[in-house]
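Given the sequences, and given the hints that come with them, work out the whole structure.
Protein chains in written order, with numbering that gives the first Met the number 0: chain S, 0 to 266; chain R, 0 to 338.
A hint or two may mislead.
[Said to hold, decoys possible] Which residues of chain S face chain R? A few of them, derived with a C-beta cut under 7 Å, are:
no.: 1; residue: 30
no.: 2; residue: 33
no.: 3; residue: 39
no.: 4; residue: 148
no.: 5; residue: 159
no.: 6; residue: 160
no.: 7; residue: 161
no.: 8; residue: 164
no.: 9; residue: 215
[Unchecked claim] Dumping the calculated PhoX-like pairs for lysine-lysine here, alpha-carbon to alpha-carbon at most 20 Å:
no.: 10; chain 1: S; residue 1: 61; chain 2: R; residue 2: 226
no.: 11; chain 1: R; residue 1: 226; chain 2: R; residue 2: 337
no.: 12; chain 1: S; residue 1: 173; chain 2: R; residue 2: 285
no.: 13; chain 1: R; residue 1: 226; chain 2: S; residue 2: 38
no.: 14; chain 1: R; residue 1: 226; chain 2: S; residue 2: 69
Note that these hints are calculated values from the structure, not bench results.
Note that beta-carbon positions come from the ideal geometry of N, C-alpha and C, so glycine has one too.
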Amino acid sequence: MNELQQTAKDLLEKNAVAVVIGYGMGSEPSLRRAVFVRKPDQAPQLIFDESCRQNLAFYVLKPEVKALGKAAVVARTPTLRTLLQLATENQITDESVVALPVGNGSVQPLTNFAAIEQYLANVPRGFTAQEQQELAAIKSKTLADRWAFWKSELSRCIKCYACRAACPMCYCSKCIVEVNQPQWVPVPSDMLGNLEWNVIRAMHLAGRCISCGSCADACPAHIRIDLLNQLLATEAMQQFGAEPGLSVRKDYALATFKPTDKEEFIR
Amino acid sequence: MNESKIILKKSLGEWFNMMTAGGYRVVGPVGQDGQIDFEPVTSPDAVRFDHVQTNNSGKWVMFPRYEAMMRFRLSGKEVQAGEIPPQAPPTVLFGAHPCDAASLATLNAVFTWDSSDAYFEPKLANTTIIGLSCTKGDSYCFCTSVGGGPGDTRGSDVLLTPLDGEKFLAEILTEKGKSVVGLAPQLFSAADGTSKEAALAKIPARFNHRDVTAKLPSLFPKEDVWKEQSLRCLGCGACAYVCPTCSCFDIQDERDRYTGVRIRCWDSCGFGLFTLHASNHNPRHKQSERWRQRVMHKFSYQPERLNVLGCVGCGRCSRSCPVDMNLGEHVAALAEIKV
Numbered sequence: 000m001n002e003l004q005q006t007a008k009d010l011l012e013k014n015a016v017a018v019v020i021g022y023g024m025g026s027e028p029s030l031r032r033a034v035f036v037r038k039p040d041q042a043p044q045l046i047f048d049e050s051c052r053q054n055l056a057f058y059v060l061k062p063e064v065k066a067l068g069k070a071a072v073v074a075r076t077p078t079l080r081t082l083l084q085l086a087t088e089n090q091i092t093d094e095s096v097v098a099l100p101v102g103n104g105s106v107q108p109l110t111n112f113a114a115i116e117q118y119l120a121n122v123p124r125g126f127t128a129q130e131q132q133e134l135a136a137i138k139s140k141t142l143a144d145r146w147a148f149w150k151s152e153l154s155r156c157i158k159c160y161a162c163r164a165a166c167p168m169c170y171c172s173k174c175i176v177e178v179n180q181p182q183w184v185p186v187p188s189d190m191l192g193n194l195e196w197n198v199i200r201a202m203h204l205a206g207r208c209i210s211c212g213s214c215a216d217a218c219p220a221h222i223r224i225d226l227l228n229q230l231l232a233t234e235a236m237q238q239f240g241a242e243p244g245l246s247v248r249k250d251y252a253l254a255t256f257k258p259t260d261k262e263e264f265i266r
Numbered sequence: 000m001n002e003s004k005i006i007l008k009k010s011l012g013e014w015f016n017m018m019t020a021g022g023y024r025v026v027g028p029v030g031q032d033g034q035i036d037f038e039p040v041t042s043p044d045a046v047r048f049d050h051v052q053t054n055n056s057g058k059w060v061m062f063p064r065y066e067a068m069m070r071f072r073l074s075g076k077e078v079q080a081g082e083i084p085p086q087a088p089p090t091v092l093f094g095a096h097p098c099d100a101a102s103l104a105t106l107n108a109v110f111t112w113d114s115s116d117a118y119f120e121p122k123l124a125n126t127t128i129i130g131l132s133c134t135k136g137d138s139y140c141f142c143t144s145v146g147g148g149p150g151d152t153r154g155s156d157v158l159l160t161p162l163d164g165e166k167f168l169a170e171i172l173t174e175k176g177k178s179v180v181g182l183a184p185q186l187f188s189a190a191d192g193t194s195k196e197a198a199l200a201k202i203p204a205r206f207n208h209r210d211v212t213a214k215l216p217s218l219f220p221k222e223d224v225w226k227e228q229s230l231r232c233l234g235c236g237a238c239a240y241v242c243p244t245c246s247c248f249d250i251q252d253e254r255d256r257y258t259g260v261r262i263r264c265w266d267s268c269g270f271g272l273f274t275l276h277a278s279n280h281n282p283r284h285k286q287s288e289r290w291r292q293r294v295m296h297k298f299s300y301q302p303e304r305l306n307v308l309g310c311v312g313c314g315r316c317s318r319s320c321p322v323d324m325n326l327g328e329h330v331a332a333l334a335e336i337k338v
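Laid out in structure tokens, this is it:
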């Protein structure tokens, strides 16, 4: 057994948690899927490698998983940041979930938010070189070209809402697209409906999205919606210094104002 | 009927020209690897013949993502409403694999169940299916478990089977098929008893659908089974939207204060809102109940009530699922449970 499996086994044996949410083998040799390990002898199911991409923080909020009891979650860096952002937004309480950080060798359980904050302080931040390149490529387009790009991308959207479903920050129990009195967002997956949906989602995540990429990974139409979120994350960082999910702070960008803010309308 | 001919690949261009000249819109699988879908085409040069499966099915030809049915205007206490007639251009759906062709029987059974659907029926009536047998499959394909097969003729009007890179066996199966072949009869030559079997993909069966259908009612109350399978399900609509047989829709009024349009849009049983009542009661409150509904609907309710299976084994739901919910695997697992 490797360290991850041993750690999971120990936590279950000690009854420190009731379930370990991790990655296991999927349909294809290259595929991984979420597994919910509840017995110590199932710990060998757990795998961690580069194919493990889904942000498992989603399951910490899923009612059926919550009902299993206290969870430990196998956590890549984005998942750790998601947990802190969920804490910031009062969606999870301290010590209610154990994070098993993977990625830098040692899998030392992080049992509270302070421990996650401390761990993240030593992890490199910001977008990868490839992400920066993709963002720069979009930004360098003329307005007309950018519009043409997104029109073409969004024309494939079938409004299955897999992006929303895969996103741990999309936890609203009643999403704006489900409000129909009045109907805010057009229901058809036509150009207007697709544009409104994807833009509204991006706006709602501005300053909150930790750029895990699960939305784009989930999209059956392979639309790079993560780029929209990353563009807004860059804006939120530049305008407000907002870098979500690094600490449990109550002053995230789009939900606070300061008397010293430069905008007039807020006074 | 059921006459077999040979058509050369290099003759397809002329056939396409004749179909277009004959007033048909031709829709076929086009695109790059990983993003192949059914779209209008004018030439076979753009058409893909080498793919396992398109991302989305071709059901939109008969059942579009959204469809306007009525316009209305309010003035004072008056309501003026005007129907928007169905658009049903004569269409050739070219290159649909046998699973997709078989899905038409399921869609048709739903849309003609107790009354004829005014928007579906004319489109089906005006669509001719030129199917394409499968010479390869992948681990998600399970057509042979649900009564189909890589060379199954059901649903096709003409079924093409690639015999080599150069020619196709064309089985002419219906009057509609005869009509499209009749547009360019000179392109078709005698088949002289050529068999397609050697060209077909080998798709192993994973379960027996009759056993599954017989067993499902007794599995319904086993909540743990459904909960365990669906723990990782996100509750999105990807599986339903890429599915060739899923036919659920929602009717919405898109309106401002005085005018509006009534539209039907695809809907999915995976969504929490799907069965939410106005009282706020939801008979399928949990994701596990929605997953059970999906499986029961396809493998129990539809066979029982409509005499058709609700699954053709195309595997799209499983390829598209963000969390690797694999329908073939899960139904095979259900078949193994002792009851």
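Handout entry: Restraint outcome when residue 215 of chain S is required to lie within 7 Å of chain R by C-beta distance
Key = 10 Å, violated
Handout entry: Hint validity - residue 159 of chain S Cβ closer than 7 Å to any chain R Cβ
Key = Residue 159 of chain S check passes; min Cβ-Cβ to chain R is 4 Å, inside 7 Å.
Exercise for the section: For the pair we were handed, residue 226 of chain R and residue 69 of chain S, check the Cα-Cα distance against 20 Å. Expected result: Roughly 18 Å between the alpha carbons, so the hint for residue 226 of chain R and residue 69 of chain S holds.
Exercise for the section: Decide if the proposed pair is consistent with the structure: residue 226 of chain R and residue 337 of chain R, CA atoms, cutoff 20 Å inclusive. Expected result: Between residue 226 of chain R and residue 337 of chain R the Cα gap is close to 17 Å, so the pair holds against 20 Å.
Handout entry: Given pair status - residue 226 of chain R, residue 61 of chain S, alpha carbons within 20 Å
Key = The hint holds at about 12 Å.
Problem - Hint status (Cβ of residue 160 of chain S to nearest Cβ of chain R, threshold 7 Å) - result: 5 Å, holds
Exercise for the section: Verify the proposed pairing of residue 226 of chain R with residue 38 of chain S, using a straight-line Cα cut of 20 Å. Expected result: The given pair, whose Cα atoms are some 17 Å apart, holds under the 20 Å limit.
Exercise for the section: Classify the hint on residue 39 of chain S as holds or violated, based on whether any CB of chain R lies nearer than 7 Å to its CB. Expected result: 18 Å, violated
Problem - Supplied contact hint for residue 164 of chain S, tested at 7 Å Cβ to chain R - result: Nearest chain R Cβ about 4 Å off; hint holds.
Practice task
May I ask you to test the interface hint for residue 148 of chain S with respect to chain R, counting a Cβ-Cβ separation under 7 Å as satisfied?
Solution key: 15 Å, violated
Problem - Hint validity - residue 33 of chain S Cβ closer than 7 Å to any chain R Cβ - result: At about 4 Å, which falls below the 7 Å cut-off, the nearest Cβ of chain R leaves the hint on residue 33 of chain S intact, so it holds.
Exercise for the section: Would you check whether residue 161 of chain S satisfies its interface hint, that is, whether its CB is within less than 7 Å of any CB in chain R? Expected result: With a minimum Cβ separation of about 4 Å from chain R (threshold 7 Å), the hint on residue 161 of chain S holds.
Checked against the numbered hints given earlier, this structure breaks hints 3, 4 and 9; the rest are met.
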